[in-house]
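These protein sequences, in sequence, are chains P and R.
Sequence positions in the first sequence follow this note's numbering and run 1 to 409.
Sequence positions in the second sequence follow this note's numbering and run 1001 to 1409.
In short, the hints are calculated from the structure, not lab data.
A quick note: this is a predicted structure, and the numbers were derived from the prediction, not measured.
Misleading hints may appear alongside valid ones.
Said to hold, decoys possible - If you anchor each label on the Cβ, the simulated ranges turn out as follows:
hint: 1; chain 1: R; residue 1: Tyr1398; chain 2: P; residue 2: Val47; range: 50 to 58 Å
hint: 2; chain 1: P; residue 1: Leu358; chain 2: R; residue 2: Lys1145; range: 35 to 43 Å
hint: 3; chain 1: P; residue 1: Arg35; chain 2: R; residue 2: Ala1343; range: 29 to 37 Å
As the list claims (entries may be wrong) - Chain R is faced by these chain P residues, among others (derived, beta-carbon under 7 Å):
hint: 4; residue: Gly93
hint: 5; residue: Ile126
hint: 6; residue: Gly127
hint: 7; residue: Tyr319
hint: 8; residue: Gly326
hint: 9; residue: Gly333
hint: 10; residue: Val339
hint: 11; residue: Pro341
hint: 12; residue: Gly357
hint: 13; residue: Leu358
hint: 14; residue: Val401
hint: 15; residue: Asn404
hint: 16; residue: Ala405
From the three backbone atoms N, C-alpha and C, an ideal C-beta is built for every residue, glycine too.
Protein chains: 2
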Amino acid sequence: MTQATSTSEIVVLEEGSVTLPKGYKAGGMHCGIKRKRLDLGYIVSEVPATAAGVYTTNIFQAAPLLVTQESVAKENKLQAIIVNSGNANACTGEQGLLDAYTMQKDFANELGIEAHLVAVTSTGVIGELMPMDKVKAGVTQILNKEYENESLFKEAILTTDTCVKHTAVQMTIDGKKVSIGGASKGSGMIHPNMATMLGFVTTDANIAQEDLLAALRDVTNQTFNMITVDGDTSTNDMVLVLANGLAENSQLTKDHPEWDIFKKGLKLVCESLAKKIARDGEGATKLVEVQVTGSYSRNAASAVGKAIISSNLVKTAIYGTDPNWGRIVTAIGYSGVPVEPNAIKVAIGPYTVFENGLPSMFVEEEVKEYLQLDVIKIHVELNQGEFSATAWGCDLTYDYVKINASYRT
Amino acid sequence: MTQATSTSEIVVLEEGSVTLPKGYKAGGMHCGIKRKRLDLGYIVSEVPATAAGVYTTNIFQAAPLLVTQESVAKENKLQAIIVNSGNANACTGEQGLLDAYTMQKDFANELGIEAHLVAVTSTGVIGELMPMDKVKAGVTQILNKEYENESLFKEAILTTDTCVKHTAVQMTIDGKKVSIGGASKGSGMIHPNMATMLGFVTTDANIAQEDLLAALRDVTNQTFNMITVDGDTSTNDMVLVLANGLAENSQLTKDHPEWDIFKKGLKLVCESLAKKIARDGEGATKLVEVQVTGSYSRNAASAVGKAIISSNLVKTAIYGTDPNWGRIVTAIGYSGVPVEPNAIKVAIGPYTVFENGLPSMFVEEEVKEYLQLDVIKIHVELNQGEFSATAWGCDLTYDYVKINASYRT
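Pulled out of the complex, with its shape left as it was, chain P reads as follows (with noise of 0.2 Å):
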């Protein structure tokens, strides 16, 4: 994973993560919510920052979303973060709200500041009540030194992931260097709009709020929203943007000379986040992407995408090595967007396999050892105009089976 790319403009950091900006710590501990492994994380910013953030589509929104929605609300800033990993706080009706705030509240003591400030986020079993007393305990012990470290804050926000996700990118923005860094967690339950995936971004950057917002929503539609394992959309997806303005940089608004740069950047932040989501989705084995150009709109080029991705034949196949075009053919059949079936060329890798209405001549035996790799791509060309959408996903295991008919999420 160490890789550092740089465009002409932004330097991307595979190692960074959300205290590569100025101004961030964060932490993590056990506090006891779950067995063995760290449960309990926060983010804090020198200063309050301005704050963003999208929320689940799902109707069952879990009660930290309630609280930190409300929140943020009240005047678009956030100063920190506390999260909990092992139990989604979902489903829990009012005592759940009320353990929601308390979480909120206590954190926001032990900082000095003032409770809206402070955003909860949670992840883990759904239905079950907070084990309150030992996030209490935790909370109150969490900012001692010993769990300032934010590789101890990635580990915390992990339920089923195999790893821990994050990068971070640098750019120059008014002769001043501007740092966005993020971490996520996710692994099931993942069919964002706007999954159990929690995402946190952190910058330095001086914004103005409003076009923060825009740029996240932009931005998350392109990159956590493309991105599916199983289909399912959690109660508790949520992706937080934090900027406080340390950078000094003259405040970025989209009239900004500059705003591109930054906008650009927290796409590359984003955007490597959710692959990361998806490369480890409960028991992949490859990270698949699937690119589709020439389409009348970015709204159908993405549905064309998101069918495949989400295709759970595409998905056995590619664990299979089965260079099967036609369960791809199906799933842009299925997809809703009217398709000019003999238009439509479709590769996998370099190799095109399906072209002007009929397969194409390729080597299976080719294929089959290029669907050996660790990251399928497929690309499928509609030639019906000049939008294109990526989604993002991964193959479907006999582990996808195990792990989710044993774990309780």
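Given the coordinates of chain P, assemble chain R onto it according to the supplied hints.
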């Protein structure tokens, strides 16, 4: 499976099939598309029958569907059906279309009837040309007495199916005995909107074509379109009904006093065939039935039922006998239907697991034991109105992955 139940008006004959109604014969043989199993079948009516069909909504409709739709459109009549398994004749371009016409014409010649009175249907691998030498040879032999057997027909239409699927009902209309028989196939790529699902229904009723079609569409929406195995809608799904009138009842229309009896009979046949497909879903160990009541519309109730029955997480939980109501509630929440979270009641079998926005007090071991049954019933009461819908599916198992990581559809 042997079982004869009866309401006051309709006798269900589980052992019956497409040749129970008067004037139909059926048969099947091995012509060589598959290595060993039967792969070519037919149904023939003594006289031309009033016909109605429903077809896949997948944009990539297979060649035989194009030919059959065109033929039925001519005078709403069919006298014969020729069907092969092992090759779907889908994504096969101009040649595929020519091959479907050839099958139709050759079988019509054998029967001495006009070509448009023959429906052509295919199921199997996508994107390979039909081995027409074998098919043509088969068509010239299949009417031989040795192949005339309704049991051979039911075998000849199967692909990954593990069992034959058929049923029949009998009722009295105008003092005449009227029968409806059906046979179907389907196991994977099943999420019919109008699946690789084929359904054949025969009746000796005398019935007006437009009313037969209206009844078939309505019944299909409540039966075949309410099942899912893997969420993938095939290129070849089709249900055909033939009504040859040999029962000699006065013509059925929706204004006939006994119309409701006929329609109920048709629904019983289609529902039985649909449930058998769901139960025989690839790798499935259980039939899952989701009943949604108290909705503001039938479409909304259907959407909630389909969201639950389609959830990989619900399906794996049932396989794992895990009373995971949280995944059921999550699926309701992303169904797109504006439900009222606190009004919903969810039961697994006789056990209420969720009510008033909170998990119910249930004994985990009792529900786990229930989940070991062959047929699992989930009931969701939405408390928003008077409409209801039922959806059927199956659990998601290791064997689903195994079958689909290796079998080429």
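Results for each hint:
For tyrosine 1398 (chain R) and valine 47 (chain P), the Cβ-Cβ distance of about 53 Å falls inside the hinted range of 50 to 58 Å, so the restraint holds. Between leucine 358 (chain P) and lysine 1145 (chain R) the C-beta distance comes to about 40 Å, which sits within the given range of 35 to 43 Å. In this structure, arginine 35 (chain P) and alanine 1343 (chain R) meet the distance hint of 29 to 37 Å, their C-beta atoms being roughly 36 Å apart. Hint status for glycine 93 (chain P) relative to chain R: holds, with the closest Cβ pair at about 5 Å, below 7 Å.
With a least beta-carbon distance of about 3 Å to chain R, the hint placing isoleucine 126 (chain P) at the interface is held under the 7 Å criterion. At its closest, the beta carbon of glycine 127 (chain P) sits 4 Å from a beta carbon of chain R; the interface hint therefore holds under the 7 Å criterion. Taking 7 Å as the C-beta contact cut-off toward chain R, the hint placing tyrosine 319 (chain P) at the interface holds, the least distance being around 5 Å. Here the hint on glycine 326 (chain P) is kept, as its CB sits about 3 Å from the closest CB of chain R, short of 7 Å.
With its C-beta approaching chain R no nearer than about 4 Å, glycine 333 (chain P) sits inside the 7 Å limit, and its interface hint holds. Restraint check, valine 339 (chain P) versus chain R: the minimum CB separation of about 6 Å is within 7 Å; hint holds. Here the hint on proline 341 (chain P) is kept, as its CB sits about 5 Å from the closest CB of chain R, short of 7 Å. The restraint placing glycine 357 (chain P) at the interface with chain R holds, with a minimum CB-CB distance near 5 Å, inside the 7 Å limit.
With a cut of 7 Å, the hint placing leucine 358 (chain P) at the interface with chain R holds, because the nearest CB-to-CB distance is about 5 Å. A cut of 7 Å between beta carbons decides the hint on valine 401 (chain P): the least distance to chain R is about 5 Å, and the hint holds. Interface hint status for asparagine 404 (chain P): upheld, as the beta-carbon distance to the closest one in chain R is roughly 4 Å, under 7 Å. Taken as an interface hint, alanine 405 (chain P) checks out: its beta carbon lies about 3 Å from the nearest beta carbon of chain R, inside 7 Å.
When the structure is compared with the earlier hints, no violation turns up for any of them.
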